[in-house]
Amino acid sequence: MTAQEPPPIIEEGLLDKVEGLSELYLLYVVLPLLLFLIPVGLLLYLLSPAWPLAVLAAIPLTAIVLILVLPQGAGWLVTLRIMLAGLIWGAAVLWILSPNLLGKFLVIGSILFVLTLLAEILRALLASSRAISLFIAGLLAFLVNLIVLIGMMYRLIPPALGVIFFASETFFLLFLLGSLFVLGGYVLPFPPPDPSVKKDGLRSRLQNHWTAAKILLGYALGMHYPFWVVTREPREEDKIEERGKGDALAMFAIGSGIIISDCDHAVAVSDGIKFKGAQGPGLSFTGFADRPMRTLDLRPQLRAFTVQGLTRDGIQVKVLAFTPFQIDRGEQQPRPGEPFPYRKSAAFRAVHAQMMAVAGSPDHPQHTWDELPQLCGTRILQDILARYDFDDLYRYDPGEEPPRVRIAREFRERLRAELEPFGIQLIGGGISNLLPIREEVLKERVRNWRAEWVRRILVQQAEGQRERLWRIEQARAEAQAHLILALGEQLAELDRPDTPVTPQKIVDQFLKILEEMTQQPMMRRYLPRETPEELRRLGAEAGGKEASS
Amino acid sequence: MTPKWALRHLKRVFLFAGPVIILVTLLGMLLALIAQRGRPSNTLLFAALSVVYAIPCLIAIAVAARVAASFIKTLYKIRTLGEAGSFLYRLLFGVWRFGPYLLVKEGKLAAGENSVLHRVGGPGYLVIYNDSAVVTERCGRPERVLSAHLPKPKNYPYLEPFEKVWEIIDLRPQQWTFPVKGMTRDGIPVTCEADIRFKIDDRPAGGGPPKPPTEDEPYPFTPEAVFKAATARWVRDPDFQGPPMDWRGRVVVGFTEGILRNILAEYYLDWLLGPTGDEIEHPREVIRRRLEEELQKEAPKVGARILNVQLGEIKVEDEQIPTQWIEAWRAEWESQAAATRVEGEAELLRMEAVRARAQAEMLITLIRELQSVAISDAELRPYLLAARLAETLRLMSYDPFTRAFLPPEAIRTLRRLQELLGEERMLTG
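Protein sequence lines correspond, in order, to chains A and B. Sequential numbering from 1 applies to the first sequence in the numbering used here. Sequential numbering from 550 applies to the second sequence in the numbering used here.
By construction, these hints were calculated from the structure, which means they are not laboratory data. Small disclaimer: the values here were computed from a predicted structure and weren't measured. Even for Gly, the Cβ is constructed at its ideal location relative to N, Cα and C. Keep in mind that a hint or two might mislead.
[Unchecked claim] Covered by chain B, according to a simulated footprint, are these stretches of chain A (three or more residues, beta-carbon under 8 Å): (1) 216–222; (2) 338–347; (3) 521–534.
[Stated by the list, open to error] Using 20 Å as the maximum straight-line C-alpha spacing, the simulated PhoX-like pairs for lysine-lysine come out as follows: (4) B:Lys864 <-> A:Lys443; (5) B:Lys626 <-> B:Lys730; (6) B:Lys864 <-> B:Lys760; (7) B:Lys730 <-> A:Lys443; (8) A:Lys443 <-> A:Lys318; (9) A:Lys344 <-> A:Lys274; (10) B:Lys626 <-> A:Lys245; (11) A:Lys276 <-> A:Lys344; (12) B:Lys701 <-> B:Lys760; (13) B:Lys760 <-> B:Lys846; (14) A:Lys318 <-> B:Lys730; (15) B:Lys654 <-> B:Lys701.
[To be verified] One side only, chain A facing chain B, incomplete, derived with CB under 8 Å: (16) Phe166; (17) Gln382; (18) Tyr394.
The task is simple: from the sequences and hints, build the whole structure.
Take a look at the structure:
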């Protein structure tokens with residue numbers, strides 16, 4: 001079936017298709033006739049020597065009356081009207097032509113009885129009331145057998161024909177039950193037997209056939225417990241689908257009820273008085289009053305939720321927490337060919353950990369097992385956040401664990417411990433970004449970041465300036481050193497033992513150096529114009545002469 | 550349907566139905582015998598009666614089959630009784646032709662959705678293209694991994710009764726660009742796009758190199774990895790609208806988001822956005838490498854192998870921050886430009902100009918100092934000039950900044966100059 005095809009039609013009672021009930025009452029035209037025949041017949045035969053036979057004959061007639069006076073409500077078919085008329089006329093003719101009164105009464109009684117029961121069967125079938133129709137059919141079969149038996153006793157039916165009748169009937173029943181037994185083993189997804197244990201395999205296989213045959217028989221007779229199938233719908237309320245209109249409280253149900261789930265779902269079952277445990281995955285059976293309470297998805301679940309909390313310094317923060325969890329299965333992992341692992345005791349605890357919200361509270365009416373991590377996690381995280389100042393949510397020293405990681409770890413540890421008694425196994429978890437609820441806080445952080453930047457830029461600029469000054473001074477010092485060294489070289493040349501250095505020579509040499517310096521083109525750019533003149537004058541003065549202009 | 554196949558199917562049917570037919574016939578004959586007892590033998594009548602008397606048994610079988618079909622229709626919500634009957638037939642005798650089948654390609658079911666084979670299970674066939682693998686379930690258990698080459702090479706896997714598709718795994722390389730929202734160490738929200746490329750693990754369980762792709766198997770894998778990927782799904786809230794947390798979601802949303810967020814939290818915003826030197830690796834590359842290393846460790850847990858990790862640009866969420874960052878960036882560059890300018894200026898100074906300037910300043914200072922003693926007594930003038938010269942030079946050298954740059958020779962020269970003047974004074978004195 002493709003996606004374009006219409007969805008499967010759910011079987012409905014044909015009663016809905018019948019326009020009115022008027023035709024139904026045509027059936028009951030036999031009733032006044034019966035009401036007349038029964039007392040007459042009874043009176044007649046109770047007064048005769050054959051009264052036991054009269055009692056036997058009266059039983060079906062009484063049954064007819066009882067059936068007819070029971071509350072009715074069904075449709076009818078036009079053809080039955082014709083059949084009815086024909087049968088009444090036939091009965092009347094047989095009555096007249098019958099050689100004795102007993103024969104007359106048996107014939108007419110049987111025909112009317114069969115007619116009425118057929119009508120009832122049809123009515124019940126039209127109303128989809130299989131249980132009633134089959135019950136009546138069984139009653140009919142019983143009475144037909146009784147009539148045949150009486151017929152044989154009174155030589156109205158040849159004995160061989162009677163034997164064949166009963167034998168055929170017996171074979172029919174045996175084959176019906178046998179076929180149901182054989183087919184039953186194929187219609188349900190029984191887990192394959194363990195090939196390593198041959199004997200037990202055969203035994204369990206026969207057991208499976210027997211179990212399913214009973215269910216099929218119950219289904220055929222309309223006396224069965226409900227069948228439930230766990231679908232792949234995402235919502236819990238849609239997941240469990242009841243199929244087959246069974247009655248969980250049926251007193252005469254044959255076989256068991258059925259729950260079928262995929263390999264990743266178990267079902268918690270209860271009869272309302274006692275918790276029957278988690279059933280499945282796969283095929284499981286239910287008994288009297290058993291109903292599925294809810295499904296248990298055995299796969300890991302992930303729930304993400306936003307927690308709002310208050311830091312120690314009173315700033316509201318929010319954080320997205322996520323909690324992957326599953327029904328406790330210890331260290332077991334799924335393996336091909338093996339049922340999905342989980343602990344039944346954990347499933348029991350998980351189902352019973354579900355909490356009802358008090359009426360009038362703002363919470364959901366019920367916290368199911370898969371909502372418990374959120375319920376517990378919210379409080380834990382709020383508690384943890386309350387121990388931190390807002391700035392501490394981000395700040396940490398080198399070598400330390402970041403606060404977010406630290407908070408997430410504590411959150412996991414505490415939540416794991418809290419969920420364990422509920423049979424829920426936390427398999428990870430963490431938190432997202434810790435964000436202030438009010439944007440101003442975040443903007444303040446940005447401002448802080450900006451201020452820090454401004455400070456650093458100023459420091460950098462100051463460092464640049466310092467560098468500049470340092471380089472200038474270095475150049476200056478180098479220049480001085482150059483001058484001094486030049487003077488030193490001159491002094492070294494003059495400073496000989498045979499020719500002692502006099503102050504005059506020092507000054508002369510020094511002035512000579514200075515004069516040479518002033519001749520340098522680069523130097524001229526920085527010296528005042530009068531400097532060479534001043535230097536010459538100074539040289540003249542140092543040599544005891546008047547400087548020339 | 551090949552004759553061989555037909556023969557095999559008929560064999561299966563007769564193995565099942567043969568004993569039933571024989572039994573029914575025998576019972577019919579028995580009843581016919583009873584009916585004909587004491588009458589002249591008539592073979593034709595006997596045969597006819599045998600068939601007639603077998604009818605109740607056949608009706609019983611038919612009624613049982615119908616009950617079973619109706620039960621199947623009800624229980625498995627099959628649309629028509631005919632479909633249910635067909636399914637029952639397959640359950641009893643298997644399939645008699647190649648069908649029904651489900652077509653699996655490109656990591657999903659391409660044909661057969663809502664069919665009985667898909668909803669209830671086999672018997673039937675799977676046609677799986679080489680870009681997909683299937684994990685089946687049967688009777689409440691995850692059953693096995695099937696593909697174009699599993700369980701046999703180049704096969705169309707046969708689904709056993711009630712065996713159905715549970716998960717389909719796309720074997721093709723996957724690529725997912727996922728924006729991760731993180732916080733820097735200074736508490737500023739940033740977003741970084743992670744571009745993750747990965748595929749189903751194709752390395753043997755004990756380690757070793759990946760399987761090379763071949764024409765028959767262009768997307769190699771290991772059944773263990775496929776099974777791990779199939780069972781890695783995390784079921785989300787029914788109301789959740791985001792990406793599914795299957796093995797792909799686990800790699801990207803689960804691992805990548807968590808790891809990258811942790812790494813980002815170790816960095817200040819400036820470290821993430823600021824320029825780095827040529828020799829220093831950019832933080833983004835460091836983050837990318839760390840993320841890839843961590844993912845390589847985590848991905849096999851869900852049956853995946855990381856092929857490549859790339860990081861997109863790191864964006865700040867607050868609109869003010871980019872503006873501020875540009876301002877800061879400009880200031881930074883201005884600062885750097887100033888430093889460069891200073892450096893260039895200093896270079897010039899070192900070369901000639903500043904030296905000349907410094908020398909000129911010094912020269913002027915010296916001339917002024919010497920001029921102040923030039924008007925003194927002519928006899929003492931040379932000595933006084935020399936002494937002032939030495940004094941001035943010495944004072945200059947006392948400047949700690951200058952002294953730091955004066956070579957030892959210069960200091961020695963000054964000392965010698967003072968010594969000479971001292972000797973001269975003693976001689977003249």
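Practice problem: Test coverage of the region 216–222 of chain A by chain B using CB-CB distances below 8 Å; three residues minimum. | Solution: holds (count 3)
Quiz item: Straight-line Cα separation of B:Lys864 and B:Lys760 no greater than 20 Å?
Solution: violated, 38 Å
Quiz item: Straight-line Cα separation of B:Lys654 and B:Lys701 no greater than 20 Å?
Solution: Status holds; Cα separation ~18 Å.
Quiz prompt | Hint status (Cβ of A:Phe166 to nearest Cβ of chain B, threshold 8 Å) | solution = violated, 11 Å
Quiz item: Has the given pair, A:Lys443 with A:Lys318, been kept, meaning a C-alpha gap of at most 20 Å?
Solution: Satisfied, since the Cα-Cα distance of roughly 16 Å is no more than 20 Å.
Quiz item: Straight-line Cα separation of B:Lys864 and A:Lys443 no greater than 20 Å?
Solution: holds, 16 Å
Self-check item: Restraint check for A:Lys344 with A:Lys274, where alpha carbons must lie at most 20 Å apart
Solution: Roughly 15 Å separates the two Cα atoms, so the pair holds.
Self-check item: Satisfaction of the A:Gln382 interface hint, Cβ to chain B closer than 8 Å
Solution: Check failed: Cβ of A:Gln382 comes no nearer than 19 Å to chain B, outside 8 Å.
Self-check item: B:Lys626 paired with B:Lys730 [C-alpha distance capped at 20 Å]
Solution: The hint is violated at about 46 Å.
Quiz item: Is the Cα-Cα distance between A:Lys318 and B:Lys730 20 Å or less?
Solution: holds, 14 Å
Exercise. Decide if the proposed pair is consistent with the structure: B:Lys701 and B:Lys760, CA atoms, cutoff 20 Å inclusive.
Key: Since the Cα atoms of B:Lys701 and B:Lys760 sit roughly 18 Å apart, the hinted pair holds (cutoff 20 Å).
Practice problem: Take the C-alpha atoms of B:Lys730 and A:Lys443, compute the straight-line distance between them, and say whether it is at most 20 Å. | Solution: Judged against 20 Å, a Cα distance of about 17 Å means the pair holds.
Hints 5, 6, 16 and 17 from the earlier list are contradicted by this structure; the remaining hints agree with it.
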